[in-house]
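Participant: Sequential numbering from 2 applies to the sequence shown in my numbering.
None of the hints are false.
Listed next, the in silico DSS-like pairs over lysine-lysine satisfying Cα-Cα at most 25 Å (straight line): (1) Lys59 <-> Lys178; (2) Lys227 <-> Lys237; (3) Lys47 <-> Lys59; (4) Lys273 <-> Lys200; (5) Lys224 <-> Lys47; (6) Lys47 <-> Lys7; (7) Lys59 <-> Lys7; (8) Lys227 <-> Lys59; (9) Lys224 <-> Lys178; (10) Lys178 <-> Lys237; (11) Lys47 <-> Lys227; (12) Lys227 <-> Lys178; (13) Lys7 <-> Lys224; (14) Lys47 <-> Lys178; (15) Lys237 <-> Lys224.
Derived Cβ-Cβ restraints for the label pairs, each shown as a range: (16) Asn172 <-> Pro323: 26 to 34 Å; (17) Ala277 <-> Ser340: 20 to 28 Å; (18) Ala69 <-> Ser23: 20 to 28 Å.
In short, the hints are calculated from the structure, not lab data.
Every residue gets a Cβ at the ideal spot worked out from N, C-alpha and C, and that includes glycine.
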Amino acid sequence: MTPQAKLIFTSSLILGTTITISSNHWITAWAGLEINTLAILPLIAKSHHPRAIEAATKYFLTQATASALLLFSAMMNAWHTGQWDITQLTHPTACLILTSALAMKLGLAPFHFWFPEVLQGSPLTTALLLSTLMKFPPMTLLFMTSPSLNPTLLTYMAILSTALGGWMGLNQTQIRKILAFSSISHLGWMAIIVSYHPKLTLLNFYLYSLITATVFLTLNTIKTSKLSTLMTTWTKTPALSTMLLLTLLSLAGLPPFTGFLPKWLIIQELTKQSMAPAATTISLLSLLSLFFYLRLAYCATITLPPHTTNHMKQWHISKPTPSAIAILTTTSTMLLPISPLILTTV
Numbered sequence: 002m003t004p005q006a007k008l009i010f011t012s013s014l015i016l017g018t019t020i021t022i023s024s025n026h027w028i029t030a031w032a033g034l035e036i037n038t039l040a041i042l043p044l045i046a047k048s049h050h051p052r053a054i055e056a057a058t059k060y061f062l063t064q065a066t067a068s069a070l071l072l073f074s075a076m077m078n079a080w081h082t083g084q085w086d087i088t089q090l091t092h093p094t095a096c097l098i099l100t101s102a103l104a105m106k107l108g109l110a111p112f113h114f115w116f117p118e119v120l121q122g123s124p125l126t127t128a129l130l131l132s133t134l135m136k137f138p139p140m141t142l143l144f145m146t147s148p149s150l151n152p153t154l155l156t157y158m159a160i161l162s163t164a165l166g167g168w169m170g171l172n173q174t175q176i177r178k179i180l181a182f183s184s185i186s187h188l189g190w191m192a193i194i195v196s197y198h199p200k201l202t203l204l205n206f207y208l209y210s211l212i213t214a215t216v217f218l219t220l221n222t223i224k225t226s227k228l229s230t231l232m233t234t235w236t237k238t239p240a241l242s243t244m245l246l247l248t249l250l251s252l253a254g255l256p257p258f259t260g261f262l263p264k265w266l267i268i269q270e271l272t273k274q275s276m277a278p279a280a281t282t283i284s285l286l287s288l289l290s291l292f293f294y295l296r297l298a299y300c301a302t303i304t305l306p307p308h309t310t311n312h313m314k315q316w317h318i319s320k321p322t323p324s325a326i327a328i329l330t331t332t333s334t335m336l337l338p339i340s341p342l343i344l345t346t347v
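Based on the sequences and whatever the hints tell you, model everything.
Facilitator: Structure, rendered in structure tokens:
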């Protein structure tokens with residue numbers, strides 16, 4: 002892909018995202034989502050591999066369906082209430098259809114089936130965009146319409162997402178698929194709290210995007226996409242492997258790291274809302290995903306492979322760690338002590 006084409010597609014992504022997050026009319030929000038979808042498709046299919054073409058086709062079909070549902074929901078609401086404003090969504094059937102459309106856009110269970118397949122067929126940098134930037138516009142729409150949505154339905158979808166994200170990621174050997182199921186699991190945490198404390202959903206999304214960006218950029222630097230090759234990377238880049246270990250533990254939500262902050266705040270808020278059973282359930286289900294994070298972390302820092310692999314042993318390279326990854330790793334692991342400062346912005 003030529004630099005000019007890359008520039009056009011990247012600019013279109015930024016434009017589509019900006020249009021959607023800054024709009025208050027359903028048609029402009031829909032137009033921004035469509036620009037986003039059309040701009041990311043060439044980036045998914047740029048390798049011309051059959052799997053990449055398949056991923057782009059699946060992505061296009063699911064996103065087109067979700068956009069059609071979103072437009073249908075907006076038109077139904079306008080038909081009954083005369084309002085095209087995003088925050089004025091009041092018709093119950095329109096709210097239900099919109100919940101389905103946004104769940105399909107985000108990859109929230111039970112509309113999650115496309116996401117692992119699309120991520121597996123995409124290059125690591127495009128997979129990073131799909132996991133973070135492409136979820137920002139639908140997440141913004143979820144934030145804006147949260148007072149109108151059904152909290153019980155969102156709670157059930159959130160618990161299902163956390164369960165399926167943890168359960169289906171257990172037997173995966175492809176790192177991109179593991180990170181896709183990790184994303185589905187995290188979306189469950191965001192969806193469960195959006196009706197009660199929408200700003201916590203955004204905080205969780207920001208921190209998740211930050212930590213996931215670190216993981217994807219590190220994997221892209223060490224050119225690894227499978228667990229079997231991850232086992233041999235310690236000899237090549239021990240510093241990056243150590244950073245990857247800490248970032249994965251943060252993504253798992255273990256206490257001394259940044260990733261613990263949103264989980265702690267969400268459990269606290271759910272308890273205040275008399276939803277202790279839901280908080281207990283989602284916390285126990287996140288232990289499933291903890292297992293595959295620990296497995297990834299173990300494979301990243303193993304100094305000798307436990308069995309003979311078919312991969313050529315990597316030699317140590319004395320290249321410095323990219324400064325962007327160093328900064329991202331620091332913020333991905335060390336923001337917990339300044340949580341009182343972060344809480345003042347929420």
